[in-house]
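Enquirer: This is what each chain is made of:
Number of protein chains: 2
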Amino acid sequence: MPSHDSRVMSAALRSKIMSAEDAAALVKHGENVGMSGFTGSGYPKEIPLALARHIEAAHGRGEPFRIGVWTGASTAPELDGALAKVDGIELRLPYQSDPVTRERINAGSMDYIDIHLSHVAQFVWFGFLGHLDVAVVEVAAILPDGSLVPTTSVGNNKTWLDRADRIILEVNSWHNPALQGMHDIYYGTQLPPYRQPIPIVTPGDRIGDTTFRCDPNKVIAVVETHAPDRNNTFTPPDATSQAIAGHILEFLGHEVRRGRLPPELLPLQSGVGNVANAVMAGLESGPFEQLTAYTEVLQDGMLDLIRSGKMTFASATALSFSAEKAELFNRDTAMHKNRVVLRPQEISNHPEVIRRLGVISMNGMIEADIYGNVNSTHIRGSRIMNGIGGSGDFARNAYLSIFMTPSTAKNGTLSSIVPMATHVDHTEHDVQILVTEQGLADLRGLAPRQRAKVIIENTAHPTFKPVLQDYFDRARRGSTGQHTPHLLDEALRAIHPVS
Amino acid sequence: MPSHDSRVMSAALRSKIMSAEDAAALVKHGENVGMSGFTGSGYPKEIPLALARHIEAAHGRGEPFRIGVWTGASTAPELDGALAKVDGIELRLPYQSDPVTRERINAGSMDYIDIHLSHVAQFVWFGFLGHLDVAVVEVAAILPDGSLVPTTSVGNNKTWLDRADRIILEVNSWHNPALQGMHDIYYGTQLPPYRQPIPIVTPGDRIGDTTFRCDPNKVIAVVETHAPDRNNTFTPPDATSQAIAGHILEFLGHEVRRGRLPPELLPLQSGVGNVANAVMAGLESGPFEQLTAYTEVLQDGMLDLIRSGKMTFASATALSFSAEKAELFNRDTAMHKNRVVLRPQEISNHPEVIRRLGVISMNGMIEADIYGNVNSTHIRGSRIMNGIGGSGDFARNAYLSIFMTPSTAKNGTLSSIVPMATHVDHTEHDVQILVTEQGLADLRGLAPRQRAKVIIENTAHPTFKPVLQDYFDRARRGSTGQHTPHLLDEALRAIHPVS
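Chains A and B are the protein sequences, given in the same order. First residue of the first sequence? That's 2 in the working numbering, and the numbers climb one at a time after it. First residue of the second sequence? That's 2 in the working numbering, and the numbers climb one at a time after it.
Be a bit skeptical, because a hint or two may be false.
No copy is singled out in the list; a pair is fine if it fits within one copy or between any two copies.
[Said to hold, decoys possible] No more than 20 Å apart at the CA atoms, straight line, and that leaves these computed lysine to aspartate or glutamate pairs for DMTMM-like: (1) 29 <-> 166; (2) 454 <-> 104; (3) 338 <-> 490; (4) 29 <-> 88; (5) 17 <-> 57; (6) 411 <-> 112; (7) 454 <-> 112; (8) 454 <-> 91; (9) 338 <-> 79.
Since the hints were derived computationally from the structure, they do not count as laboratory data.
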């Protein structure tokens with residue numbers, strides 16, 4: 002029996018405590034498993050590893066064992082990495098960033114469906130993705146009434162718990178119990194035609210429960226763990242990301258002066274990664290006060306803004322910190338929870354709320370073409386990098402839709418600005434601002450040929466400008482149509498720097 | 002002085018009645034003009050023609066005269082056609098379908114910005130598209146208090162009237178005065194951060210005024226006209242469009258049987274054109290009752306559903322009828338107005354409402370690629386056809402997102418299913434169902450390679466199947482990544498039929 006200070010406070014569920022090994026054995030070949038986890042936070046720490054061992058053993062016996070893995074977004078080596086390594090994943094959705102998983106997908110041995118993050122929960126409710134057999138969800142505690150305290154990400158956990166036939170819980174005592182009360186789990190969703198407005202009008206509005214409801218009869222196992230989330234390492238802002246951040250801050254200041262943004266801006270959304278993190282760091286020393294965020298992920302830079310008082314409130318679906326900031330947040334949870342709310346990703350990324358709030362959306366990209374089409378997911382049209390994540394939810398519905406990247410990749414040998422994107426995730430209709438360390442292209446109110454001019458001029462690296470300009474000039478002469486001039490014979494060819 | 006039965010019932014505005022010629026003379030070179038008009042309905046009938054004459058005369062004198070033309074969507078030969086013919090348009094937005102305009106755009110002599118139709122009004126309010134100088138709006142009557150009765154389209158008229166410095170009204174007595182009361186003009190929009198939920202939960206909800214508010218001091222001219230809207234001709238459903246409709250109806254029936262749709266379906270959105278119209282005609286003889294629509298445009302087929310009682314309510318922003326149906330609707334306006342509401346296009350196409358209602362979205366396309374990316378706008382990547390219209394507003398937020406087209410074009414010499422779309426308006430993330438006369442591809446829950454299989458098998462024309470299959474097979478061997486296998490050297494090449 003667990004000690005009296007166990008996080009498993011429900012007597013009914015206490016009887017279901019078992020080892021990760023035993024719990025993992027309850028998952029069968031061919032099942033779809035909804036796991037917690039979003040940008041390396043709040044994923045189950047032990048069961049996926051144990052499951053990978055079961056799968057490896059089954060494969061050793063010549064038995065088939067592969068499952069469908071559904072999550073919030075990316076997880077960690079202990080989940081995606083471990084299961085991919087033993088070839089245990091048949092189908093993965095909706096987002097991943099694990100190197101082993103990526104390699105399997107690009108080798109054609111794992112299927113992957115890249116989905117707008119706001120779409121996932123509703124597709125499951127609609128019955129579009131098939132049956133969900135098992136939920137494996139990390140929680141911070143099981144309360145006496147059987148309700149569950151979420152941890153560092155909410156993601157799709159509500160939907161997994163509601164829809165799965167069987168539930169396995171990991172109760173992770175590493176998390177500060179003061180997390181209880183930080184979350185806002187909305188139980189007002191319905192299937193059409195019974196849906197009602199989602200009553201969020203400011204980032205801080207609370208519209209739901211602080212815990213997950215959970216049918217105790219569906220819980221087949223409870224596993225106690227004690228482990229921190231994956232360590233997300235951020236590189237310190239370098240000259241390139243600082244330059245990108247500088248251009249964005251200058252632009253935001255300009256918009257305030259023109260009366261197109263209030264002095265406290267509008268709620269910020271900041272994508273995942275180093276450049277996004279650098280923009281947040283830039284805001285720390287910038288002129289804007291009373292900032293808010295309505296975003297997907299709260300990273301180090303945004304936590305600094307909250308701790309310094311520059312940002313008054315942040316709504317997200319996940320925390321994604323470096324080890325140092327994770328410790329800090331865990332220590333100071335009680336202090337932070339009045340300024341942070343974590344919601345289900347269908348709410349954090351909901352088009353209705355994003356459009357209503359007028360979010361300023363800032364996302365990274367792989368490449369943009371000279372007409373403003375953005376590729377966020379594929380290398381050379383065929384190799385998946387990570388996935389679209391929430392960038393489409395935000396960009397299409399944002400007040401300002403900003404995409405950013407260093408102007409070159411691979412030590413300057415590849416241009417991030419290309420004649421024609423080899424894959425399109427964000428169309429010309431959804432992209433307003435492009436930023437590289439070279440500068441910023443404001444595409445609002447510009448027709449395609451006008452866009453090409455400012456994109457080449459403001460954002461391309463000098464070594465690639467001549468070849469891009471040459472392509473555009475020749476397309477102006479040789480294209481069959483002059484609305485979006487292109488030379489299809491060479492539009493997708495890799496371009497090379499002019500030195 | 003007008004007779005006592007004039008539609009201009011405001012004494013203040015009666016004094017501003019003048020000829021179209023005189024009114025048009027109040028528009029100056031370089032101005033941005035917001036005109037009424039949406040899919041050939043409710044556009045000003047006389048002023049654009051008179052303006053075209055002024056422009057032609059100015060050009061004859063060697064004077065520059067070009068304006069920016071902003072509308073709801075497409076208009077008519079008397080507006081786009083006339084102004085384009087005299088080279089009077091510098092910039093056109095957000096949608097057009099006029100042959101003369103299209104030719105100018107593709108020749109590179111007119112700039113065109115293709116915008117999601119739900120974005121236009123808010124971009125103007127945000128100040129992203131520049132200053133609006135003049136509004137030229139058709140109305141059915143000016144009431145004694147100066148408010149305006151809309152006609153057969155609402156489009157962006159509320160925004161034009163609110164934002165323009167000067168207003169010119171065309172009062173068209175062709176329209177049945179019983180139109181008054183059919184419209185729902187929402188005045189609850191705000192700029193962020195002050196936006197509130199849009200309180201529509203069923204297609205028939207009325208949340209606004211029946212008329213436009215209008216500052217009489219901004220009205221500089223009133224012109225009286227008497228003319229019907231453009232005659233939209235629909236070809237009778239042919240074997241191809243009937244086959245497409247048949248596949249869709251069969252699919253919807255299947256979804257009802259699987260419990261994924263209620264028997265009365267969910268609100269329908271149907272794009273513009275003959276195929277969309279044929280689907281509506283198919284519903285007439287189909288098994289579904291108590292249908293509703295939350296759509297952009299009400300065409301002949303949908304009017305038939307309303308008249309037969311199959312459809313109980315339709316919400317749209319415009320009527321777009323053949324001459325015969327237009328006469329019928331005009332005659333029976335009083336009867337129809339309890340079953341039809343016309344709203345501003347920012348509301349008819351609002352992501353918030355479309356997602357909430359769970360709309361079944363059916364739109365035409367130019368081509369789809371084997372992975373499900375859809376091109377709605379460009380021929381061979383460079384020549385604009387019409388524009389994206391509202392297809393993106395609906396597809397991204399729909400319960401079911403369906404795109405349809407005949408499997409071939411140009412007498413069977415071109416395939417509508419191609420290796421890689423030469424322009425992408427709807428990404429793989431937004432396309433669930435593809436339909437041609439050959440069959441239907443249900444892409445829900447499928448990874449890219451799985452999609453390619455069903456798209457080629459179910460939707461490609463038999464004469465193009467072998468070449469598409471061959472491309473896919475070779476890409477499976479030769480692509481640098483197997484997530485979305487492609488051979489970039491030939492991905493954009495036109496494919497040829499195998500006989």
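Enquirer: Of the hints given before, which are not true for this structure?
Expert: The structure breaks hints 2, 3, 5, 6 and 9; every other hint is satisfied.
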